[in-house]
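Trainee: Chain residues, written in single-letter form:
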Amino acid sequence: MSSETKQILTTDGIPLEVSLKKAERRNKIKAFLLVAPLLLFLIITYVFPIGEMLMRSVDDKMVTEMLPKTYKAMEKWDGKELPEEEVFAAFHEDFIKLVEEKREGKLSTQLNYTKNGFKSIIKKLRRKSKNFEEGNYKEQIMAVHKRWANVEYWNAIKRRAPAITGQKYLKGMDMYKNETGKIVSVSEDRRIHRILWLRTLEIAFFVTLFCFLMAYPIAHLLATLPMKYSNLLMICVLLPFWTSLLVRTASWMILLQQQGVVNDFFVGIGLVADDARPEMMYNKTGTYVAMTQILLPFMVLPLYSVMKTISPSLMRAGKSLGGTPIVAFWKVYFPLTIPGIGAGCLLCFILAIGYYITPALVGGASGTLISNQIAFHMKSTLDWSFASAMGLMLLTGVLAIYWVYNKLVGIDNIKLG
Amino acid sequence: MALPKHTELHYRIWHYFYLFICGSVFFFLIAPLFVIFPLSFNAEEFLSFSDGMKSLDPDAFSLRWYKDMVYGTKNPWGLAAKNSFIIAIFATIGSVLLGTVAALGLSSRHMPYKGIVMAVLISPMIVPLIISGVAIFFFMAKAGLAATHTGIVLAHIILGTPFVVITVTATLSGFDHSVTRAAASLGSNPVNTFMKITLPLILPGVISGGLFAFVTSFDEVVVVLFLAGLENTTIPIQMWTGLREQLSPTILAVATCLIILSTLILVTAELLRRRSERLRGINR
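In order, the protein sequence lines correspond to chains A and B.
Going by the working numbering, the residue at position 64 of the first sequence is 69; the numbering climbs one at a time, nothing skipped.
Going by the working numbering, the residue at position 265 of the second sequence is 280; the numbering climbs one at a time, nothing skipped.
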């Protein structure tokens, strides 16, 4: 055979290969153009803002921009002894400018975050600096207050030099960077965030476990009953699924309150005394009960869709080969349902870990989760960068779980209704 | 599920125990919803069954709280309902349009980078709502859309599209592409083919995706809490405020109405699902 095999041509005289490639590319572009509007919309309104959260969470430009000359002069300073006159002069220059723009208050607030005691000495410096003479700023500033002559305060200023910081993330884990730059934990009685993270994990884990234990039998029943019965029972699963979250939470608030239906029932059957009605809401119990009921459909549906595909003859075969029903179930049926268990558990866990509404309403102080803390910082303290940092920490966790979910089950297997 | 006659006693006990467990779980799932129903007709201001209600005394029941819901001045339920419906309808239209078109592209076997694009498109469903809320709030505040209907509608389109994308791609997965090729070979242009051939076949998927988007928007509270001003209050916001501040029976009247609405939606969704399965030739 000769090396120059004859090329196949289309009727236009273009080689077939080229023509096919062109058509392929056109199809690709066509498909992409269909997806493009939504993709673009989501990138602009959703993906970028999440990126902005990242920027906000590490943003620490404020002080850097307020003291540009100081930080330039500080570059050569080793931080062991008091800085040279040059640094003081630069600081004075920056400070005068800030006073003119009436921004020195912000500087004192910011520096006070880093080290306590800046507020008063900056106020004092502003008053005294009006009468400063030119030259020898080191002496003059140090004379304002003895803290200005303390090297630790200058180190504190220097620590705020970088424009980005991981401080909010450390705060989210109850840690901070101390004077020497080492990362240490805050004292034990102030570790509120760690408790919240652990509690979030704990509640998500147990809610998932309860959901699994309750969903498995009913999913099995739904999958094995004849159609006409199972359709009716399916409504019991789907109706809560389609009902407003707030309605379901409201019904739990009515049931669980101290004068509520459940307590009335307990008193009625003599389980508890009328004057000793247990507190079932505004604590962890409330969160557990309400979240389990609300997330239960998300566990039942994946389990059901897997169990529906398992042929009943497999169990019969297991039994006919001499296995007791328990052995047949454990060795034959259960392993076949594992994909459904994985899907249901991960879905439940992902949803539970980011829950906000229900814990906020029935959780009280001991039943709130990390989401509630994020909302608190968004709305009450207005520390948006801290809220962003915690949000991203939560998001990382969820994405990691989701990645596992995708590896095990695949996104395409998400079933709705 | 009748047991065969020869079943041994301990299996019989085990079987009834299993049915008992299942019954309890179903009760746990559905009973809380039915507590709301009678209590919303309570003639008194308490959220528990009065003695009159327990003895089925007709005087213990009234439509008082339904009247308060409609005519009451303290809670602007009317405004909230109007806002909720307007926002949900526009959000549904937006989600369905964007989502269906995107699903068409995604189901094409020529689509490049399918995995990553799909991940981005359904991300609003996976990311916890509180984080979505924060991110969307940052965007809307910058774009000057916070506390406007437009802003909330856009936010709900973001949250609603994943459902449309998923349901429509699922419908398209059983779609026989030879019918569109047949239409094209008979001289139909792509738009005509879509309207006359593809759309009628995928319509059940589109509508059920739309229902999901509608419910998502109608029931959404986390993101709206960040975005809404006083003028944009919605039913979920009113309920949230009511539940936080004071549990009044009016909320139960609203909740009853919402349960009826969700029952209607559930029935529609179920009918559509069966129809879709029939159309696609899936028989179970």
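Worth flagging that the hints you see were computed from the coordinates, not collected in a lab.
Just so you know, not all the hints are guaranteed correct.
Label-pair distances were calculated between CB atoms; the ranges are [to be verified]: (1) B:F49 <-> A:Y181: 28 to 38 Å; (2) A:E29 <-> B:N207: 16 to 26 Å; (3) A:L203 <-> B:R27: 28 to 38 Å; (4) B:I275 <-> A:K124: 18 to 28 Å; (5) B:N207 <-> A:P42: 53 to 63 Å; (6) A:E91 <-> B:A162: 15 to 25 Å; (7) B:H21 <-> A:F334: 16 to 26 Å; (8) A:T229 <-> B:R124: 31 to 41 Å; (9) A:L38 <-> B:N207: 13 to 23 Å; (10) A:A405 <-> B:L279: 49 to 59 Å.
From the three backbone atoms N, C-alpha and C, an ideal C-beta is built for every residue, glycine too.
Trainee: Now, for every hint given, state plainly whether the structure supports it.
Mentor: Cross-check of the supplied hints:
Distance hint check for F49 (chain B) and Y181 (chain A): the Cβ-Cβ separation is about 51 Å, which falls outside the suggested range of 28 to 38 Å. For E29 (chain A) and N207 (chain B), the hinted distance range of 16 to 26 Å is satisfied, since their beta carbons lie about 24 Å from each other. With their beta carbons about 45 Å apart, L203 (chain A) and R27 (chain B) fall outside the hinted range of 28 to 38 Å. Between I275 (chain B) and K124 (chain A), the C-beta spacing of about 58 Å breaks the proposed range 18 to 28 Å.
Remark: the range hint 53 to 63 Å for N207 (chain B) to P42 (chain A) is contradicted by a beta-carbon distance near 21 Å. In this structure, E91 (chain A) and A162 (chain B) break the distance hint of 15 to 25 Å, their C-beta atoms being roughly 50 Å apart. Against the hinted window of 16 to 26 Å, the Cβ-Cβ separation of H21 (chain B) and F334 (chain A) comes to about 20 Å, which satisfies the hint. In this structure the hint that T229 (chain A) and R124 (chain B) lie 31 to 41 Å apart at CB holds, the actual value being about 37 Å.
Under the hint 13 to 23 Å, the C-beta atoms of L38 (chain A) and N207 (chain B), about 18 Å apart, fit the expected range. At roughly 39 Å, the beta-carbon separation of A405 (chain A) and L279 (chain B) lies outside the given 49 to 59 Å, and the hint is violated.
Of the hints listed earlier, those the structure fails to meet are numbers 1, 3, 4, 5, 6 and 10, in rising order.
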